[in-house]
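Novice: Given next are the chains, with one letter for each unit.
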Amino acid sequence: MADYANPEVLVSTDWVAEHSADAGIRVVESDEDVLLYDTGHVPGAVKIDWENDLQDQLIRDYVSKENFEILLSEKGIANDTTVVFYGDKSNWWGCYAFWTFKLFGHEKCLIMNGGRQKWIDENRPLTKEVPVVEKTDYRVSGINNSIRAFRDDVKAHTALNSPLIDVRSPKEYTGELVHMEDYPQEGALRGGHIPGAKNVPWATAANEDGTFKSADELKDIYENTQGLKPDGDTIAYCRIGERSSHTWFVLSYLLGHSNVRNYDGSWTEWGNLVQAPIEKP
Amino acid sequence: MARIQEIIEEFQGLDFNTTLEMLLDYANSLPELPEEYKEARDAGLNRVHECQTPVFMWVNVKDGRVSMHADVARESPTVRGFVSILVDAFDGATPDEVEQAPSNLLTEIGLVNKLGMTRTRGLGAVYGRLKNDVRKAASPAY
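Protein sequences appear in the order of chains A and B. Residue 232 in numbering that gives the first Met the number 0 is what sits at position 233 of the first sequence, and the numbering runs on without skipping anything. Residue 131 in numbering that gives the first Met the number 0 is what sits at position 132 of the second sequence, and the numbering runs on without skipping anything.
Worth flagging that the hints you see were computed from the coordinates, not collected in a lab. On a predicted model such as this, the values are computed, not experimentally measured, just so you know. Among the hints, a few may not be true.
[As the list claims (entries may be wrong)] With a Cα cut of at most 20 Å, we get these calculated SDA-like pairs of lysine to any residue:
1. A:Lys46 / B:Gly115
2. A:Lys107 / A:Lys127
3. A:Lys127 / B:Thr17
4. A:Lys127 / B:Asn16
5. A:Lys127 / B:Ser28
6. B:Lys130 / B:Asn103
7. A:Lys127 / B:Arg73
8. A:Lys46 / B:Met21
9. A:Lys46 / B:Lys130
10. A:Lys74 / B:Asn16
11. A:Lys127 / B:Asn27
12. A:Lys46 / B:His48
13. A:Lys127 / B:Gln51
14. A:Lys46 / B:Glu96
15. A:Lys218 / A:Ile239
16. A:Lys127 / B:Ala124
17. A:Lys107 / A:Val8
18. A:Lys117 / A:Thr210
19. A:Lys170 / B:His48
20. A:Lys228 / A:Ser145
21. A:Lys127 / B:Leu23
22. A:Lys170 / B:Gln51
23. A:Lys117 / B:Glu74
24. A:Lys117 / B:Ala72
25. A:Lys46 / B:Ser28
26. A:Lys46 / B:Asp14
[Said to hold, decoys possible] Under 8 Å between C-beta atoms, here's a sample of chain A residues computed to sit facing chain B:
27. Val33
28. Leu34
29. Leu35
30. Thr38
31. Asn51
32. Asp52
33. Asp55
34. Gln56
35. Val139
36. Gly186
Positions of the beta carbon are idealized from the N, C-alpha and C atoms, including for glycine.
Build out the structure end to end from the sequences listed, making use of the hints.
Specialist: This is how it looks when you write it as structure tokens:
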């Protein structure tokens, strides 16, 4: 049985229970719901919110380098801190925060396999106590845009017929969902997918208990069935780039693919772009 | 003053953290769904599909008063908190009070500003559904 390409990037709930208070470790919870952390979290974990903390509130982008530095300094994360991410929904948001940290060049990032759900299912303790952390002086040395795709990159990518993975649900992929009166929350004026994109819903990579599928299963899904190559050039997208950061993580770290980008503009950008080509089955 | 106006005033001018605390208090105080609705909820009925988080809501008008029962998973405290605000404001109110309540309620209580557009869109749909349900239930045509 094959192992993950980078097995060291995953830690177990056991490991976190044992090491969360160690020097040089900071556990970070990132959830879809901004209040979920406040209802109880892994002891010692700090909260980082994908929308309020990581995204700029004026321009549709991530926070500035300066604001990222302030955020991490206040959360007690130094440049050499090992950050362990976890969250709800099989670590969607944990992976999203992981990806954003990588975008800002943070080196030591880990994921707690199984996320919040597994921790709770194992009856491990939760606390409402927000840890008091010692402020640091975090410095961003550079932005790593090699893991981020912008719309023009995606356009060029489709022209080359390079692999695109749409990780949304099948109904979003076919465009059925946006057209249903009941789902105005999609925020896109057109339904369908980017031409050439294949549909592999993100959850295909997750087990029932929130952990990642085995290396063999992942290889089978992404390499044997979809034909992705470890040295290929792949872009993943979803609605706002959150679910696709889960797939980005799986491809980049668990399968070791060298060139995978997350298109964070995703369908809420592409489905609103004037004259952008759309495929609908 | 209508209860909704009192709630709007309570929320106005609060800082980010206090707003979140208030919302969490509301989430914790959402009344338990009465037994007679649980079977319907478990069968997936009365779900507000416009919101990604499962929200189950029953709105009726009887003898000139609105009754509202709702259930939202504890794993979604933000949505649960907002629905709890709606129950506090409108359970027992008159249909007219619901009709008169500001359509931009989420902006008025500062949630659009503090939680962002992406998150509050689903909440707006829940509120829209409530207003619609009350309008239908109170209209003689139904």
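Novice: All hints are to be evaluated individually against the structure, with a verdict given for each.
Specialist: For each hint, the structure was consulted:
1. A:Lys46 / B:Gly115: Roughly 17 Å separates the two Cα atoms, so the pair holds.
2. A:Lys107 / A:Lys127: violated, 26 Å
3. A:Lys127 / B:Thr17: holds, 16 Å
4. A:Lys127 / B:Asn16: This hinted pair holds, its Cα atoms lying about 15 Å apart.
5. A:Lys127 / B:Ser28: holds, 17 Å
6. B:Lys130 / B:Asn103: holds, 12 Å
7. A:Lys127 / B:Arg73: Holds, at roughly 15 Å.
8. A:Lys46 / B:Met21: Holds - the C-alpha atoms of B:Met21 and A:Lys46 are around 18 Å apart, at most 20 Å.
9. A:Lys46 / B:Lys130: violated, 35 Å
10. A:Lys74 / B:Asn16: Answer holds: A:Lys74 to B:Asn16 is near 16 Å, not above 20 Å.
11. A:Lys127 / B:Asn27: It holds: about 14 Å lies between the C-alpha atoms, which stays within 20 Å.
12. A:Lys46 / B:His48: violated, 29 Å
13. A:Lys127 / B:Gln51: Not satisfied, since the Cα-Cα distance of roughly 26 Å exceeds 20 Å.
14. A:Lys46 / B:Glu96: violated, 38 Å
15. A:Lys218 / A:Ile239: violated, 26 Å
16. A:Lys127 / B:Ala124: violated, 30 Å
17. A:Lys107 / A:Val8: holds, 9 Å
18. A:Lys117 / A:Thr210: Satisfied, since the Cα-Cα distance of roughly 8 Å is no more than 20 Å.
19. A:Lys170 / B:His48: Cα-Cα ~15 Å, so holds.
20. A:Lys228 / A:Ser145: Judged against 20 Å, a Cα distance of about 18 Å means the pair holds.
21. A:Lys127 / B:Leu23: Status holds; Cα separation ~12 Å.
22. A:Lys170 / B:Gln51: holds, 14 Å
23. A:Lys117 / B:Glu74: Holds: A:Lys117 and B:Glu74 sit about 14 Å apart, inside 20 Å.
24. A:Lys117 / B:Ala72: Roughly 18 Å between the alpha carbons, so the hint for A:Lys117 and B:Ala72 holds.
25. A:Lys46 / B:Ser28: Since the Cα atoms of A:Lys46 and B:Ser28 sit roughly 23 Å apart, the hinted pair is violated (cutoff 20 Å).
26. A:Lys46 / B:Asp14: holds, 18 Å
27. Val33: holds, 6 Å
28. Leu34: A:Leu34 check passes; min Cβ-Cβ to chain B is 4 Å, inside 8 Å.
29. Leu35: Constraint on A:Leu35 satisfied, holds at 6 Å.
30. Thr38: holds, 5 Å
31. Asn51: holds, 7 Å
32. Asp52: violated, 11 Å
33. Asp55: violated, 11 Å
34. Gln56: holds, 7 Å
35. Val139: Where the cut-off is 8 Å and the nearest Cβ of chain B is about 23 Å from A:Val139, the hint is violated.
36. Gly186: Hint holds; A:Gly186 Cβ to chain B Cβ min 7 Å, cut 8 Å.
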